[in-house]
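J.: Okay, here's what each chain looks like letter by letter:
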Amino acid sequence: MKRPVSTRLLVVAGVLVALLLAGVASFYASGDPDGLTKVSEDRGFAQTEKEHQAGDGPLAGYETRGIADGRLSGGLAGVLGSLVVLTIAGGGALVVRRRRTSAEA
Amino acid sequence: MHVPDGFLDAPTSVATGVVAAVGIGLALRGARRELDDRTAPLAGLVATFIFATQMLNFPIGAGTSGHLIGGALAAVLVGPATALLCMSVVFLVQCLLFADGGITALGTNIFLMGIVTVVVGWAVFRGLQMVLPQRVSSVPAAAAGAALVSVPVAALAFVGLYAVGGTVDIPLAGLTAAMLSVHALIGLGEAAITFLAVGSIVAVRPDLVYGARRVLATRSLVLRTAGR
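Quick mapping for you: the protein sequence lines, in order, are chains A and B.
With positions in the first sequence counted from 1, the corresponding number in our numbering is that position plus 2.
At position 206 of the second sequence (counting the first as 1) the number is 192 in our numbering, and the numbers step up by one without a gap.
In short, the hints are calculated from the structure, not lab data.
Honestly, I wouldn't trust all of these hints.
[Claimed, not checked] With a straight-line cut-off of 16 Å between C-alpha atoms, the simulated EDC-like cross-links for lysine to aspartate or glutamate are:
(1) A:52 - B:-5
(2) A:52 - B:-9
(3) A:40 - A:51
[Stated by the list, open to error] Covered stretches of chain A, as calculated for chain B (at least 3 residues, CB under 8 Å):
(4) 15 to 29
(5) 33 to 45
(6) 48 to 62
[What the hints assert, rightly or not] Far from chain A, some chain B residues (derived; all Cβ distances over 12 Å):
(7) 41
(8) 67
(9) 90
(10) 112
(11) 116
(12) 189
Please read these numbers as outputs of a predicted model, since none were measured by experiment.
We put the CB at the ideal spot given by N, CA and C, even for glycine.
Pulled out of the complex, with its shape left as it was, chain A reads as follows:
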């Protein structure tokens, strides 16, 4: 029987794939409005959208402020966002999980 892939290798490889998707592939994503946005335009309630209160943040709109090149600006925003999500969700899971040797430590 072949040796199974270690959890560490699986997670590292998976995160690398995610970073490539967010950092590189995202540049080629469709720029058309998404389903809800399009429906809101077609059905006449798009105008009720209010300006986003975090709309002037450094990564707002998946662009990194101050970087003119679109590919770099969007890719960097995607990579940074992925790392923030990984830190919060990955860290949170380690806190929430059952520990093998309960919480005495």
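Following the hints, complete the assembly by docking chain B onto the known chain A.
T.: Chain B alone, transformed into the frame defined by chain A:
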């Protein structure tokens, strides 16, 4: 399907916010049962993959695009409670850092794209698992079916919220038809991505996949009996 500020009125936004908070509270308790030392690392990966994949809008024709939501995918990989926590982290980061999804609509987005897709996705997955052959190889197909259904149901849930708290009066029949037709197509993309992602993990480490636990447990039981 990220809802911006202003589509829904304040009472509806507060109500979905309360539902989201209660859901997250329950999920924090439930996730303790799903996550152990062995499977916990997968949760961070799942949330990161969903964030990244949500950036990849694919065209569905007529000048419209869609992207993976990921609720069914997450529920199958890490269990429904952990899935809701992963989804909530994604929506929180998108809302605060990327101005994607309104701040007053955060509860609405966690409800629609988190609670609804996770609960519906997990229920459909379990239903399909009962009728499909009891094999690990059925898991990606059942996950894809769950993903396919979860997206239009979330679209219907939006219509439901709009009926209660939409800020302008529009004919609901037309809204329902438009949301359903667009999101049925997006559901196809959701199913394809979910099949590939679940299939990849099942191929290398089925023991880490929450939705495969039951089948694996049955299998090892059979092997042990046969070995006697």
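J.: Against each hint, give a clear statement of whether it holds in the structure.
T.: Hint check:
no. : hint        : in the structure
1   : A:52 - B:-5 : holds, 12 Å
2   : A:52 - B:-9 : holds, 5 Å
3   : A:40 - A:51 : holds, 13 Å
4   : 15 to 29    : holds (count 9)
5   : 33 to 45    : holds (count 11)
6   : 48 to 62    : holds (count 11)
7   : 41          : violated, 4 Å
8   : 67          : violated, 9 Å
9   : 90          : violated, 8 Å
10  : 112         : holds, 23 Å
11  : 116         : holds, 28 Å
12  : 189         : violated, 9 Å
When the structure is compared with the earlier hints, violations turn up for hints 7, 8, 9 and 12 and for no others.
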